[in-house]
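According to the UniProt record's numbering, the sequence shown is numbered sequentially starting from 1.
It should be emphasised that the hints constitute simulated quantities derived from the structure, not laboratory data. Hints may contain errors.
[As the list claims (entries may be wrong)] Heads up, simulated SDA-like pairs for lysine to any residue below, C-alpha to C-alpha not over 20 Å straight-line:
hint: 1; residue 1: Lys-141; residue 2: Asp-75
hint: 2; residue 1: Lys-147; residue 2: Tyr-132
hint: 3; residue 1: Lys-141; residue 2: Ser-104
hint: 4; residue 1: Lys-147; residue 2: Ile-128
hint: 5; residue 1: Lys-103; residue 2: Gly-202
Note that this is a predicted model, so its numbers are computed, not measured.
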Amino acid sequence: TDNVSSVTTIGKEGIHAFTWGHDSNGLYYATSTPRTDEQQNAYKEEWKGVIQYRESERGDTVYYIDIVHKKNSSDIVTEIPYRVRELIATSNGHSLVFATESKSQRREKIDDFEIYLINIWSTNQSPIQLTYNEAIETNLKLSHDNKHVFFIVYGEGSVDGKYQEYQARLYSIDIQMSSIERMASDFTGHIMDYAVSNDSIGLVILGQLGTEVH
């Protein structure tokens, strides 16, 4: 539809990633952790408008805002020292999964690029790191049973060794065990995209082998 039912203001910071909650009543979103007015004024006074290479960079805060019931404020879910690139929610409403990058968006350290999980219903909502590798994980999707996270490594980095460049590969990580499995390992071409079946058993892969798309 072309109709906009409502407009919700959620702050002055740019949104880095967002996703619907499991019941579509609200949104989860990630934005730079804001400074208080006092902190902002002190910062401006100290630097007099000089652009700082590192000091002005901040990590992200993940929020939840209720859209349906039109709440005027957002609830803080967690704070992290990185920038959130992708954010998805499990269909049972238990967890959020997100991929990170450096808060400056510069590729300085490969371990800035990892996948994390937040247990929304837990009293401790500190992010749990799922991956520990030298890969840049992208295109996150959940299995329909919420047990696995699929992701693509587009030829940059390595899941099981030192950083290298190769054809894009598809992987799955078990959320409980943190074990990673390469999917479609027999396919030697470039994996462009994929879809997860409703039964969480099958995958459809869009790939390129030479000049042919499969």
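Holds or violated: Lys-103 and Gly-202, Cα atoms, limit 20 Å. Measuring from Cα to Cα gives roughly 35 Å; hence the hint is violated.
20 Å Cα cutoff - pair Lys-141, Asp-75: violated (25 Å)
What's the verdict on Lys-147 and Tyr-132, does the C-alpha distance respect the 20 Å limit or exceed it? holds (19 Å)
Pair hint outcome, Lys-147 versus Ile-128 [Cα-Cα no greater than 20 Å]: holds (15 Å)
Need the status of pair Lys-141, Ser-104: alpha-carbon distance at most 20 Å? Answer violated: Lys-141 to Ser-104 is near 25 Å, above 20 Å.
Taken one by one, the earlier hints fail for this structure at numbers 1, 3 and 5, listed in ascending order.
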